[in-house]
Amino acid sequence: MSGYNFAYLDEATKRMIRRALLKAVAVPGHQVPFGSREMPLPYGWGTGGIQVTASVIGAEDTLKVIDQGADDTTNAVSIRRFFARVAPGLATTERTAEATVIQTRHRIPETPLREGQVLVYQVPQPEPLFRLEPRRSETRRLHALADYGLMQVKLYEDIARHGRVGSSYDHPVMVNGRYLMSPSPIPSFDNPKMHRSPALQLFGAGRERRLYAVPPYTEVRSLDFEDHPFVPLRARGRCSLCGAGDSYLDEVVTDDRGGRLFVCSDTDFCGERQAMREAAE
Amino acid sequence: MYVAVKGGEAAIANAHAWLAEERRGDARVPEIGTDAIREQLTLAVDRVMAEGSLYDPGLAALAIKQARGDLIEAIFLLRAYRTTLPRLGASTPLDTGAMTVRRRVSAAYKDLPGGQVLGPTFDYTHRLLDFALAAEGLAPPATAEADPGEDAAPPRVTGLLAAEGLMAAEDASDAEPGDLTRTPVAFPAGRALRLQNLARGDEGFLLSMAYSTQRGYGNNHPFVGELRQGEVAVSLTPPELGFEIEIGDLMVTECQMVNQFHGSRTEPPQFTRGYGLVFGRTERRAMAMALMDRALRGAELGETAEAPAQDEEFVLSHSDNVEATGFLEHLKLPHYVDFQSELEAVRAMRAAVEAERSRRAATQPEMEGPEG
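Protein chains in written order, with this note's numbering: chain L, 12 to 292; chain B, 3 to 374.
These are calculated hints, taken from the structure and not from any lab test. In this text, all values refer to a predicted model and were calculated from it rather than measured experimentally. Where a beta carbon is used, it is the ideal one built from N, C-alpha and C, also for glycine. Incorrect hints may have been included.
[To be verified] Quick look at which bits of chain B chain L covers, simulated, 3 or more residues with Cβ under 8 Å: (1) 325–331; (2) 334–342.
[Claimed, not checked] Covered, in the sense of this in silico footprint (three residues per stretch, anywhere, with C-beta under 8 Å from a C-beta of chain L), are these stretches of chain B: (3) 27–41; (4) 200–212; (5) 293–303.
I would like the entire structure built from these sequences, with the hints used as guidance.
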């Protein structure tokens, strides 16, 4: 697309974002304010992730974009097409193993990530305490004092009332034993994948103008209690397409008489397994 | 069996083609030109420029056309363009006192130096549909030009009050104001950033918040000290020249609300100001902005903040319609991963409740029903 810099943002903006990212990496889990730009895609649709991706990506990179674990969901298609348009030379892929940068909304790929890969999360609400204390001036103070009693009490109340923690996604994590962090609305099933991941994890919240990061091999602990340990949830069942019994499943309603089946939410993972099965047969 | 839920490439292309067709409408009707929008839908253009934070009537008209008249979508288009523009320099502060006035009214005084100038306003029109407009009309007869009168710009009403010592002085500052499009706002934001935020805030939001202060939620007692509309010169001092040069004119609307203040231990009773300044002829937003500016000055004036309109963080965080509409509309995006985990959580909770119920039923003897 003519008239725009590589990956849309001008170089000065990219440098500003990379500086903020360096700070975020240096203080894992801490939210760093940044001068978020208006993007040609709407707020809430991944502007933070897009700005982070645009700032770290180069023409020699290979980009994968997923939404709900899938490469072919409309928003993932739209963002991948955006980068294909504004970043000439950039390769795109649907294979987790081939990608150097993966932008995601709501999932972490099933295929384990490796060193050198960057996982960019789209974050709607970076402040993990916002439902308990809406004032960011106050939550900033709570983070400074590492005062996370509000969240512990909330989890306790969930357990007392429902026998389990109520949040099944966006379950808060402690990063490096210091900062309480929102993992973005990934299912709690994905939380353990963040712990000591060899990949660099970057988080961008465009509308809220915050960035944060989890450097490779950092401790990421899902908040819980000794006598009520964190339990990730998934639908009981196997994928109808590839037979996986350990992946996160989407439920597909097949008719109006209660018929349903489950399929892998991670389309690349599922496709690989189907291909392997066919090859074996 | 599994086809409908995913697969976007072709769907998006078809949707965009259909959108283009819908935008054009019936091809037998002549296409609307951006020049027609710029000249005839001026208040829409003004609103898009104000909330898009970019003074360019031609681009605003294009955005309105492209957005099929959805002004928030048009504002979004203009913002996304604006953000790519280089910053060549900062102008010197606008001198609205030297405005070439086309409208200027005060509700505080019956008559005043410089006079009341009604200008082209909807005020005092009867809101009766003019069916003559639906027919292809000729241009209306030209209005008689008024006697330009004195050359000097009319004095400001707040200046008249200040001369009497009745207007609270503002904190003057030559500090470079922040830029909320470049630096995230931290709270407390301070007045300069607040005004910046309000100047591009959603008109409907500002109107409703300002209205709430009139209905007792954060009461103030406003008078339109002065509302003026007209063209002001924009000047720049390029460092290589070292002197000021005029680079163009802006059409702006400025509103100065005058509010009673009972005084405090250190300040005598006097009037305080609420200030609004917006691009174009968007008078409603200038007035709403002025009310909101005053409502948000509570901390500075020792008032307790009780209502939403007085809460700086609340107002500033929710005024931007591009942010708000994006986040609201993102609910249309798929959420089935999260919803799936919610389904599992609800099922697990229901199973636990069921198990508890049957355990109780098994261990407890049948109870007699309550009497009566």
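The hints, checked one at a time:
| no. | hint | result |
| --- | --- | --- |
| 1 | 325–331 | holds (count 6) |
| 2 | 334–342 | holds (count 7) |
| 3 | 27–41 | violated (count 0) |
| 4 | 200–212 | violated (count 0) |
| 5 | 293–303 | violated (count 0) |
When the structure is compared with the earlier hints, violations turn up for hints 3, 4, 5 and for no others.
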